Amino acid sequence: MSAGVGVNLENLWIRFGDFVAVRDANVNINGGDFFSFLGPSGCGKTTILRAVSGFLEPSEGNVLIGGNNMKGIGPNKRPTALIFQNLALFPLMKVWENITFSMEIKGASAKERRKRADELLDMIALTGQGDKLPAELSGGQKQRVAIARALCAEPDVLLLDEPLSALDLKLRQHMRSELREIQKRVGITFIYITHDQGEALTMSDNVAVMRAGVIDQIGDGKTIYNDPNTAFAASFVGENNVFRGTVKKVIGNEVMVSTNRSGDLMARISSNNVGKMKEGDDAMLFIRPEAFALAPVGTQGDHFVTAQVTKEEFEGNVFNIFMEGEGGKEMKVSLPNLGQSFESHKGEPMTLEYDVHNAVALPAGVLATE
Amino acid sequence: MPRFLREYFNRNGVGLGSVMLGLVLFWTIGLIILPQLSMLDFSFRPNLPPPEIGGPKDLYTLENYKYLIFGPEGGSQDYNAVDLKVFYRTLIAAVLVTLFNLMLCYPIAYYLAQTNGNHIRILALMLIIPYWINEILRAFALRIIFGESGVLNNLLVGAGVFDTPFDFIRNDIALYAGLGYAYILLMIFPIYNVIESLDRNQIEAARDMGASWTRIHRRVVIPYAKPGISSGCTMVFMLSAGALAAPQILGGPSSLWFTQLIYQQFNDNSDWPQGAAYAVVLLVTCILLVLALMRVFKVNMGDIGK
Ligand SMILES: Nc1ncnc2c1ncn2[C@@H]1O[C@H](COP(=O)(O)OP(=O)(O)O)[C@@H](O)[C@H]1O
Ligand SMILES: [Mg+2]
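If you read the sequences in order, they're chains A and B.
For the first sequence, the positions run 1 to 370 when UniProt numbering is used.
For the second sequence, the positions run 1 to 306 when UniProt numbering is used.
Just chain A, same shape as in the assembly (with noise of 0.2 Å):
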């Protein structure tokens, strides 16, 4: 990407009284990146996006923007622009004198101003609507004003937090693309914060997957997504069924696990734990919904699982399958819609079988839905 300006968090720890809310992050964020910090609500997304735009000082650790270290520099020194969680409009200014509140700042005439204003409606297509006041606008054209009212004040460093999560589904979709846009048009870093995965993963070059104050994994989308580092990312980011067991066997790269439930399935080591399970082990195997195909029925191996199909779901390009297999374990299976004519299966066995570079394998660790 272009050279923009990088960010990086130097063993950043932020406490609260005693309340650890970021515990030792460490994240390099290239120049002209567009980058997401993705973790549910309260992992402390927020406050590592404070520390940077200068709001709160970190309790350790450094903050460099541009390879400066930020230590002492306020928020209004530093060349960030944080667009905040509710927008934070100025509700009494029309949109213009909004979008140009940086500029009045530092004393450009109404004039330019004006025609600055007017550069940047046209660029989140509000030609024209200049004179009204924030509150005449809709949320997603609110939200485009406090894009260009960030943007007028030309940071190296474009910092959102949550930005999308107010607007509906579609909104939300429309903007995800539009954003990314601005991005590669303006080619500053963004540092994206949400919880929503398929927001970082549709936008971002990488993603920084948190919980609670520790971020377990950096990556690009596919890494993430494909590959996670430990139990938490692999059932925070997209779906997944999980089996839980212990290492019965490893055999270089892949791993053996005697699961609970489903008797011995093998699976890929994830590239970060390779080496380090051993025979023993406490550990999770992940499959994705969609990693799953068809077998005949009664099918018996390590990459084949057998279960009761309870509930079937008719999505348009897939099929959902919830299936409960021995004990209650539940699964969930998509198959794509290949114009084959499905009956129902409810209430009968069905064997699926997948391929075991497509099951991860990682140490057993806390899940995102526990």
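Source of the hints: derived by calculation from the structure; they are not laboratory data.
Any given hint could be a false lead.
[To be verified] The calculated lysine to any residue pairs, modelled on SDA-like cross-linking and capped at a C-alpha distance of 25 Å, are:
1. A:K106 / B:D303
2. A:K71 / B:E204
3. A:K111 / B:Q114
4. A:K132 / B:Q114
5. A:K94 / B:D199
6. A:K106 / B:P51
7. B:K226 / A:A125
8. A:K94 / B:R219
9. A:K332 / A:G275
10. A:K346 / A:E290
11. A:K106 / B:P223
12. B:K298 / A:M93
13. A:K132 / B:E204
14. A:K111 / B:S212
15. A:K77 / A:D122
16. A:K111 / B:T214
17. A:K222 / A:H195
18. A:K184 / A:N28
19. A:K94 / B:D303
20. A:K346 / A:F314
21. A:K77 / B:Q114
22. A:K248 / A:N260
23. A:K77 / B:T214
24. A:K332 / A:R244
25. A:K71 / B:S212
26. A:K278 / A:L294
27. A:K115 / A:A125
28. A:K170 / A:E313
29. A:K142 / B:R219
30. A:K77 / B:I222
31. A:K222 / A:Q129
32. A:K71 / B:R200
33. A:K111 / A:M93
34. A:K106 / B:R219
35. A:K346 / A:V366
36. A:K222 / A:G31
37. B:K298 / A:T299
38. A:K94 / A:R114
39. B:K298 / A:A135
40. A:K142 / B:E204
Fair warning: this is a prediction, and the values are worked out from it, not measured in the lab.
Please build the complex by placing chain B with the ligands on the supplied structure of chain A, with the hints as guidance.
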């Protein structure tokens, strides 16, 4: 029945609705409008001994108003210089007290509204508790503080700031302090109320874009707090201009407050019509002044009620 009334009764029921409506009407009409109207009526009548009231001499007249402007008929001066001077001095002083109050209370209100923590509740209590003491006692306490041999003079002379005690009372400083202090809560709370609902993120957003604290207040906080500021200023101004106890107790001997003139007319001169006319003039002028200022600062009547 108009729609809003029907909705009102639907919401509250006929019984409770009638009682509440009755009380509000009694309050506004019986306790406010009627007495004021009778004052207005008084102000246009001559001051007659009781037997002549309602008699042939009891005709509407502008005498009482003329008196404020021109003084007694056949008097030595063209204008009633003394009373007029007291009148405009009172208004100016009330404006000054209001401004001083605003400058003092805005930071307090902002601090109370935008800071979290238990100490805020304690601070608010410390502001409120002194108001449990009645007005007269508070005024006398200030007199003790500001008196010739009062606490303040002892401190200042002791510290060598003044050689001889400074007469805070004759210089009206005690009066302004007393008036200012009497109404700070009425200034703080409306402003506090509004600022409390201001989204902190707006302040942070402005700060993030590089705004200084002065600009944040000028462009973000004050415009937002305007309804509270107007409401506080209106109350403080009206009440200062109409105050009686503080000027009686804390005012210098040579500087009268206009309300003291009104009081003298009613009480010492037993000239109710004259007193009523003075009171009406004060009230109307204050209202006009407030309305004019509201127009200048683009404040709506509805905002004041916020
Ligand atoms: N100023 C603060 N004082 C005390 N605790 C805080 C403060 N700010 C955030 N926290 C706590 O830190 C944790 C992380 O908060 P936050 O960063 O806002 O989460 P997220 O944005 O991921 O939802 C939460 O448990 C929250 O209660
Ligand atoms: Mg948050």
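Against the structure, the hints come out as follows:
1. A:K106 / B:D303: violated (32 Å)
2. A:K71 / B:E204: holds (18 Å)
3. A:K111 / B:Q114: violated (35 Å)
4. A:K132 / B:Q114: Violated, at about 29 Å.
5. A:K94 / B:D199: holds (18 Å)
6. A:K106 / B:P51: Answer violated: K106 (chain A) to P51 (chain B) is near 77 Å, above 25 Å.
7. B:K226 / A:A125: Given that 25 Å is the threshold and the Cα spacing comes to 33 Å, the pair is violated.
8. A:K94 / B:R219: holds (12 Å)
9. A:K332 / A:G275: Judged against 25 Å, a Cα distance of about 30 Å means the pair is violated.
10. A:K346 / A:E290: holds (19 Å)
11. A:K106 / B:P223: Satisfied, since the Cα-Cα distance of roughly 20 Å is no more than 25 Å.
12. B:K298 / A:M93: holds (15 Å)
13. A:K132 / B:E204: This hinted pair holds, its Cα atoms lying about 23 Å apart.
14. A:K111 / B:S212: holds (22 Å)
15. A:K77 / A:D122: violated (28 Å)
16. A:K111 / B:T214: holds (23 Å)
17. A:K222 / A:H195: holds (17 Å)
18. A:K184 / A:N28: holds (20 Å)
19. A:K94 / B:D303: holds (20 Å)
20. A:K346 / A:F314: holds (13 Å)
21. A:K77 / B:Q114: Distance of about 22 Å is within 25 Å: holds.
22. A:K248 / A:N260: The hint holds at about 12 Å.
23. A:K77 / B:T214: Holds, at about 16 Å.
24. A:K332 / A:R244: Holds, at roughly 16 Å.
25. A:K71 / B:S212: holds (19 Å)
26. A:K278 / A:L294: violated (31 Å)
27. A:K115 / A:A125: Distance of about 15 Å is within 25 Å: holds.
28. A:K170 / A:E313: holds (22 Å)
29. A:K142 / B:R219: holds (20 Å)
30. A:K77 / B:I222: holds (23 Å)
31. A:K222 / A:Q129: Judged against 25 Å, a Cα distance of about 40 Å means the pair is violated.
32. A:K71 / B:R200: Cα-Cα ~23 Å, so holds.
33. A:K111 / A:M93: holds (16 Å)
34. A:K106 / B:R219: Cα-Cα ~14 Å, so holds.
35. A:K346 / A:V366: violated (32 Å)
36. A:K222 / A:G31: Between K222 (chain A) and G31 (chain A) the Cα gap is close to 20 Å, so the pair holds against 25 Å.
37. B:K298 / A:T299: Roughly 81 Å between the alpha carbons, so the hint for K298 (chain B) and T299 (chain A) is violated.
38. A:K94 / A:R114: Holds, at about 11 Å.
39. B:K298 / A:A135: Since the Cα atoms of K298 (chain B) and A135 (chain A) sit roughly 20 Å apart, the hinted pair holds (cutoff 25 Å).
40. A:K142 / B:E204: Distance ~18 Å between K142 (chain A) and E204 (chain B) Cα, so the pair holds.
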